[in-house]
Structures are given as structure tokens and as C-alpha cells.
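Asks: The lines below spell out each chain.
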Amino acid sequence: MMAALDAFLASYGNLVNLCLLNTLLAYGVWLALAANMFTLGTGGFMAVGAYCSVYLTMQLGAPFAVAVVAGGLLAAAVALVIGAPVLRLRGDYFMLATFAFTEVVRVIALNWDAVTGGAIGIYGIPRYTETWQLVLLVLIALYFVFALRRSYFGRSIAAIRQDDVMSEAMGVNVFGQRLSLFVASGFVSGGVGGLAAHLNFFVGPSDFGLLRSVDALAYPILGGVNALLGPLVGAIFTTLLPELLRFSSQWREILMGLLILTVVLFLPGGAMSLLSWRPRKAAARRPSTQGAE
Amino acid sequence: MMHARLTRLLIAATAISLAAAPALAADVKLGIVQSTSGGSAALYGTMQKNGAELAAAEINASGKLGDLKLVPVHQDDAGDRGQTVNIFQRLINQDKVTVIFGPTLTTSAFAADPIANAAKVPVIASSNTAPGVPAIGEYIFRTSAPEAAVFPGVLAYAVKRYQPKTAAQIYGIDDVLMKAAYGVHKAALDKAGIKVVATETFQKGDVDYSAQLTKIKAANPDIIVVGGLAEETANIVRQARQLGIPQSTVFLGANAAISTKLNDLAGPAAQGFLVGSGWFIDFDTPANKAFVEAYKAKYGNAPDTFAAQAHAAVTIFADAVKRAGGVSDPAKLRAAIADTKDLETVLGPFSFDKDREPVLVAKVLELKDGKFQLAQ
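Chains as they are written, first to last, in this note's numbering: chain A, -5 to 287; chain B, 9 to 384.
It is worth saying that the hints were derived from the structure and are not from the lab.
Hints should not be assumed to be uniformly reliable.
[Said to hold, decoys possible] One side of the interface only, derived from the structure: several residues of chain A facing chain B at Cβ under 8 Å:
1. A59
2. I114
3. D158
[Stated by the list, open to error] Using C-beta positions, here's what the derived DEER-type ranges look like:
4. B/P338 x A/R84: 55 to 63 Å
5. B/G191 x A/L204: 37 to 45 Å
6. B/K128 x A/P120: 15 to 23 Å
For clarity, every value in this text was computed on a predicted model and none was experimentally measured.
From the three backbone atoms N, C-alpha and C, an ideal C-beta is built for every residue, glycine too.
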């Protein structure tokens, strides 16, 4: 049994790691999405966490765990600083502002050679990230999100997602709650950045751009924001897809696009809404619960 | 149930990947990791895949390796680093390839090559030119000439022909290759005693360079050295002439600027443009002529530098297999590749230096009458 697992991990280890890493990231983004914050800042936070942790392990010789937590904390601090002004913006403007943040981080990474290695990036990073660590972290994230959804705080977030003006009127501190979620999201993304940097020997500025932010946003949305396992399903689905479609060679990108489009069109509540899917008639009689628990 | 369906899908996918041709005792599996989808990387990747597969077919047909048969296994990484690592792991541990040709992008190489190096599977790259790639480990080689191998020759030629005293530099600051090229250019200029009177930068996707070129014009350099890809370089050269920088101010370009696109976009403005390369299509040797013919016959279009470098990589590997007497001992095979000396390839006589970097005759090319020709 162990031998079979070893053989499997030798061939598919990186794929497993990427699935786990993206799942963690998906829960990080979920924290922001849970209060209707469509953040494109994920790439920026990941970059902050990645470069910070790599600097700590490679230049200062800090232990890996310390470096990852420090990367997460620095990203959280940055989230706090930019969150205060940015969270006063709504919808499209919030999205644009967080996108601008990711771009600023990318440009800094390109030009701050001493810390980031500039356009070339940093290579020869020691490999510290292990599969068991990622599994453990995903389990912790799952438990955390599970507990959060049942707490008073979780109920107030759900209220904010439904209608923030109404929640404010009911006495929910909308700004405070959003800010704390944004900071938590920054912390998780930064930590994932640190883990990712110590997985594949290399980081470069192009790793954490807009594309990364959009991918990260797609995981929970594809999987379903309202289900506990939604981000996990979305992240694993999106990560496995290019490998599963490998047989189709030139058609791969087209098929990937079509599949994702299908999910978005036919399962607007995410892939997890398949589980609560009912025949059309029954669904029509039910009051619309789109976006509710 | 979603779960059952997903499991079935997974099983089906695994079955498909396992159904790949079973290896015979005499098969030597070549992993070819080149991007054939995913943006501009696919352009370089497809050329290299073709070049490598052509070389493998030629070697099999020639019977040079006796009963050993080269079996190329191509995998597309779509220019995505995560996928490159996935593929490397699978090729090494599941397909049990003997060697890997690729990957297309330098960033992928930094992430994936250490895995092959640890598994003692030689990697021969044919498009990674940024510094530091073979330094990843003992098992990592490349046939793509880095800028440092070709530019000094170009500058020496320019010095002999034009006796420049001053130079201006302009380069792409957010591109790994161009930033590295800038360093190489600067070092060569300093060494030749040519004063750099202006240094300007641009970013990927820029199309208007008039601000930078106006400053360069004011500094009035004898030559201008561009660290840019073909499209950028073409725009820079064309706009420079439009701004009144005379034709007598010669442009020197980076290796990556070699493309027929340069002439298409810049037209007569690029007349006299100098660049160094490990290969060019009219390179007059029997090996290269046969390669260009065969490539055109098989794929219907002309090969480029990357196709030639990939072809050379497979040629080098096959020669090493012969000298090592088979592929059973990875250390012996690696040593045989490293010992490659003056091997006749489509790039001309080819050797590896002690850092596993290519040693080959740099060709100085001049853009003349719309074509890159050997500078006379």
C-alpha cells in the first residue's frame, strides 16, 4: 500500500501538491468573496508572502514555518493598509483597485533586484513544502471555514453578502467585518505564496500577476461560494482539467474553455449546486434561494 | 452522483495515459517537453518539437544506433510552469524516459530541471538562453547559444568595420532575456572601450519609443545596441530612422531579434542591422542544407534557429549514446554528453564547455536586401 502510494506520488506528486495549494488559495479568496468582495489582489498578496518568505529562508536562514507565517503576516499587514481606503469602494471599483495593487506589486518585483531578483526572479530556492503539510493546512482551513459559517460572525457575513445596507441598519459593523475578512484573505494568500515559492525551486514576477488573481477568483466561483466544499471542488477541478484533457492535444485549450463555460452557464451556483439539483418543476415551485445558504 | 462520475473520469484518464506505446527492450524514450499551445511560447515550442522529432526519425532511419530505436514522447506544457513540473515527474517516473529535450521557457527550466537532475536524467535545452540554466546541475545542458556567446563576435565585427567610439543602449526592462542581454552588451562595450552615452529602457507591449529615441538622438552615439525581441526591435529601428537618426548609425541587436518579422516590420530602415546567431538558414554546410531540405519536405515551412538547435540537441544525444555504448548507465551517458567535442551538427562543429554551455562558431549576420546574410 505504501509502495503504491510512493509510486503514485513520484509520478503525480506535483499535481497533488498543486491541487492542495490551490485549494488553500481558494479558501483564502473565499474569505473575501463571502462578503461580496471580488478581489483581484490575491496575486499581489501571494507575491508579498512569497518574496518575504524566500528572503527569510535564503538570506536570513530562518526556519521554514516561521518564514511562511511571516510572509502571511506581512501580506496581512499590507491588506490592512490598502484595505482601509479600498474597502470604501464597491463592486467594479473595488475590483479595479485590487487589480492595481497586484500590478504595483508586480512592477516593484520587476525592479527591486536585491530582494526579488528582478525580471529573472529567484532560482535555486530550497524545497521545504511537503505534501503532508499541505494536507494538514487544507484540513485546518476546512475546519476553520466550517466553524466560521456556523458562528455569529459567519451569520453576519452571510447577511452582508445578501444586502449590506440592510445589515448595517441591523447593527452589523459592515466595514469592520469586511476589513477583517480582507486581512484574513491576505494572510492566507501570503502564506500560500510562501508555500508555493518553496515547492518548485523558483519564483518570478510573472507568477503572481493578474492571471493568478483571476484563476484564484475562479476556483471558489466555479466550485460554489455557498457550499463548504465549493472552493475545494473548484480548485481541484481547475487544476486537474489541463492534465485530464492532455489526450486532446491541440483541442485542449478550447475544451477547457468550453467546460468552464458550461459550468458557469448551467450551474450558476457553482459545481457544488449539482448536489442540490432537482428537476425543473420542483425547482420552479421553490422560492429562489440563489445566493443563500 | 458527482463523486462516482468523477472517479470514472479519473479512471478513464489514467487508462488513456497508461495506454501509451509499451516499451521494447531496444526502445530509447526521448521526453520532448515543448509548448505547442499557450501563447507565443508555442511558436518556439512547435519549431523545437519538429526539429527534435525530425532528428530522431533521421537517426532511426540511418541505423546509426544499431538496434536501439529512438522513441520521442512529446508533452505540451502550454508555457505553464506548474504543468512543466507535472510532465517532468511523469516522464521520469512513469514513462521512464532516458533524456528530456526542453523545456521551452527558461522559467519552466528553473522549476523542472532540478527534478531531472536529482533523478539523473539528462536535460538538453534548445531555447533557454538566460544565464544560470546549466548551473542548475550536472545533468543540465543546452544547445541554445546564450547572448554572451554570440554578442562579442558581433561587436568585434562592428568595431572592425565602423570604428565606433560611443554607443547607446536600449532594452526591455521587464523581460528576463533582455535584462540579461543588456548586461552582456554592456560588458562587451566596456571591454571594447566604447563609451555608453545613453541608456534607455522599455516595457513589454510598448509600441511608441519616441521619448527614448529622442534622448538617444541627442546623445549622438555611433552605434545603438538594442536588447529586444523581433517586434520591439523592428519598431525601435523604424522609429529611430523616422526621428532622423541617420542610416550611418548602425543598430546591433540581441540574438532573440532574429526573425523574418524584423524585416517585415522595419523595412529598409533595418538595412545594415547586425546580429549574432548560432545558426542561420543559408548556413552553407552539407548537414545544414540536408536539414533545411528535410524540414521543408516534412513540415511544409522553413525551419528557424530553434528548430536547428533542437535538431542539434538530439544529434548530440545520439552521438553520446553511441560513445557510451547504450543508455543503461546514466552517469556514463551524462559524461558522454559532456564530452561532446567538435561534433558535426546543423549548427556547425559543436562542443560543450566545462559548464555544459554550447561552444560553437558564432555567425555575424547582417540584414541586407531584406534577408539575414553572413556579414562580409
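Asks: Tell me, which hint numbers fail for this structure?
Replies: Violated hints (numbers, rising): 1, 3 and 5; every other hint is consistent with the structure.
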